[in-house]
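Number of protein chains: 2
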Amino acid sequence: MSTIPKSFIREILHVTVQPGMISFAGGLPNPHFFPVREIAAAALDVLAADGDSALQYSTTERYEPLRQYIAQRYRDKRGMDVSADEILITNGSQQGLDLIGKAFIDSGDPIAIERPGYLGAIQAFAVFEPQFCPVPLLADGVDIDRLSEVLAQRRVKFFHTVINFQNPSGTSYSQDRRGELAGVLERYETMVVEDDPYGELRFAGAVEPSMRQWLGGNAVLLGSFSKIVAPGLRLGWICAQPDVMDRLVVAKQAGDLHSNSLCQRILHQYLVNNDLDAHIAKITSAYKRQRDAMVRAMEEHFPAQVSFTRPEGGMFIWVTLPEALSALELFEPAVQQKVAFVPGTPFFVDGGGRRNMRLNFSNADEESIEEGIRRLGRIIEEQLSDKHRRSS
Amino acid sequence: MSTIPKSFIREILHVTVQPGMISFAGGLPNPHFFPVREIAAAALDVLAADGDSALQYSTTERYEPLRQYIAQRYRDKRGMDVSADEILITNGSQQGLDLIGKAFIDSGDPIAIERPGYLGAIQAFAVFEPQFCPVPLLADGVDIDRLSEVLAQRRVKFFHTVINFQNPSGTSYSQDRRGELAGVLERYETMVVEDDPYGELRFAGAVEPSMRQWLGGNAVLLGSFSKIVAPGLRLGWICAQPDVMDRLVVAKQAGDLHSNSLCQRILHQYLVNNDLDAHIAKITSAYKRQRDAMVRAMEEHFPAQVSFTRPEGGMFIWVTLPEALSALELFEPAVQQKVAFVPGTPFFVDGGGRRNMRLNFSNADEESIEEGIRRLGRIIEEQLSDKHRRSS
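The listed protein sequences derive, respectively, from chains R and V.
If you count the first sequence from 1, position 259 lands on 259 in my numbering, and the numbers rise without skipping.
If you count the second sequence from 1, position 101 lands on 101 in my numbering, and the numbers rise without skipping.
No distinction is drawn between identical chains; accordingly, a pair holds when it is met within one copy or between any pair of copies.
Heads up, simulated SDA-like pairs for lysine to any residue below, C-alpha to C-alpha not over 25 Å straight-line:
| no. | residue 1 | residue 2 |
| --- | --- | --- |
| 1 | 282 | 49 |
| 2 | 288 | 57 |
| 3 | 387 | 329 |
| 4 | 77 | 204 |
| 5 | 282 | 368 |
| 6 | 282 | 370 |
| 7 | 288 | 52 |
Read the hints as simulated data drawn from the structure, not as lab findings.
Isolated chain R (complex conformation) (with noise of 0.2 Å):
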C-alpha cells in the first residue's frame, strides 16, 4: 500500500521539473525567503568560535542550547510549561514520525490517522506495518464520534494528526474540537501525536491552543524549522516528557547518533543573530497574498460546483470536484497545459480522494497562480461538458 503513492508522488515530482512548468504540486517553501546572508553569516561565527565541537560527535538530544531556544518559544508564545530536556533535535519532522513509528507501532498495531492523512506520517509509519485506522477530517477537526468509535473498538496506539492548516486539506482544528478530541483521547487513555510544521505560518483567525495543554504527557509535540528557515537544514524537534523521550532518544541513537551538530548551531546562531518573528512576519505575508490571489483565481475560473478549503495559514488548499470528475484524468491534460497539482488518493490509505486535488500557493508568485488557475479552470470546464454531452 504505502509504496504505491510514494511512487506515485515520485512521478508528478519528475513532471514539475520540466520547464515552464507552473507547479502547485510539490511543497516547499518559497526560497525567496531563505535567509541565505544571515546563515552565512551564522556559519563564519560558528566555525570561528567553536568549529571542532561543531564538527565533532555530540550527544543525541542536542545541541543544548538550540533545545533551550525550542523550549522558550513555546512558554513565551504559547504558554506552555516545556522544560529544554523535553526536546530532542531531529532531521526534519518527518524523522520525529519516523522515531514515533519505530518507539511505539509493533507490526499490526492500530493507529488512528486522519483521512485524507499527510503523505509523510503515512510513508513513516507504514513501514512499521500498523493497521491504519483513519477517522474522517470535517471543516474544523476530526470527526469526534467516529474517532471515538474507533478508539472504543481497537486498542490504538495514537493518533496522529496535522493540527493547524493541515497538508494536505489545510483544515485546522477549531477551539472547540480541540477540547473535544482531548475529552475522547484522554477517555481512552490515548497518546496524540500533534504535528505542527505549518502552525506559524497563520495570516488569519487564533493561535489556539496545543493538545498538550490538555493531555500533558500524553501528547507528543513535532514541529519543524523548515518552513519558517529552511528545509535544507533538516532540522526539526520532537516535544515529549520523560518516559516518552527515553524511548525516542533510544531510536534516534540507533537511527543516526544525533542530527548535524554544525546545522544545529549554525541554525541557533542565526536565531540568537535575527528577529525570528519578523522573518516569520515577512512570510506569512507573502504566502497570504499568494493564497489570497489563489483563492480569488478560484473564485473567477473554477466552475461553482468546485469547492475548496480557504486555510487561515499554511501551504495548501484542498479542491473537491464535483461528482462527475476525477482528479487523476484531469491530471494528464493539466500537464499537458503545463499545470502540476497532486491528485487527492496518495493521501487515503483506504481508496478516496478520487474528486480532490490539493493545490500548493507558498512556491509560485501571484502572477504564475492566476495563470495556472485559469488553465485548470479550463480543463475542469470542458471535463464537465464533454462528460455532460455523454450522459446526454
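Using the hints provided, position chain V relative to the given structure of chain R.
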C-alpha cells in the same frame, strides 16, 4: 537485550567527560585534525554561489556531485566499477545500518554478525527485532567454518562485517579470508553488509579488495566521512546496486526525506577545494604514532598474561585479560584513577567479553596514552596479585 549495552555505554560516556579523565572509552576522531577553516571557506562558497538550493528540500539520493565524487573515488582508489546512481547519501554510516535494517529485517529474521560485533550495528538492527547469529571473529577475519554452519542452518538475511580495523577488535580481514567469505556467501546466496568507516585510516599493510569485487550486487557497502573529514557533518553513504538501492531509497524517504542539503554541499565544496588524500595522510600518521604509543605502553606496563591486538589502522585496540580478571571489575578502580575504557560485554549479544576491554587511541595524545596505560597496568597488577593471594 539491545537496550542494556546502550544505557551502559551511555553511563560510561558520562564518566569520561569528568575533568582530568584520560578516556580510551569513546570512538571519537581527533578534533585537532578537523579542517575548520577549510569548512568555513567551503560554507561561504556554497552559500554565495547557490544558497537557495542549498537551503531547499532536495531529492532523497543526492547531492549529485557528492555522489559522483564518492563513486569516482571508488573507481580511482579501489578500481571498483561504481556509478553515482549506486550511491545514497546518509546521515553517517549509522543511518546506513538503520536503513538496511528497515529494508531487510522482519521481526525474527536471522542475521549474522561478528562476535564481538559493532555496537552501533547491534543497536540499529535490534530495533527491527532480528535473531542475531554471532559468528566468532578470529585474528584475520570471521570464522568461516562457523559462518558456513550458520548459513546452512538458517535462511540468514545478511552478514554484517566491519571489514577493516573492526570496532571493537581492531581486526582486519586478510585477502584469503575475504576470498573464503565470498565463497561461502555465494554458496548460500547471502548478502554481505560491508561496513567500512575506518578503511582509509590505514597505517600498515596493503589495501585488500572489497567484497563487492567478488559478490557484485550481493554486497552492500557502507562508507562515512566521519573519520576522514568530520563526524559533526553526519554524512556517509550506502553503495548498492539498483534492486537494493530502490528499497533503501524508500526507507530513507520515509525516514527523513533526505540528508542535510547544506552540509552535503559544504562537504563537496571542501573536497573540491582541498586534497583529501593529503588530509587523510596527516590523520593516519598521527593515529599511527598514537597506536604505537599505546602498544609500546602496554608492552611495558601490562603483565605478560594480558594480550592485545596490534591493528594496522583504525582507532581501537582490543585487550584480553587473564582468566582470573574481569574488565567490569577493573572499570570502577580505573575510573577512580581517572582512566576510562569500554568493557567488552556490550559487544556480545549472547554473553561473553567478560575479559575484554576496548581501548580507543585516536582521541588522546601520546603522553596521556602512556600515562593512562601505566595506570591501567598498575590496576591490573594489583587485581592479579589480589586474586592470586585469595586463591592461595
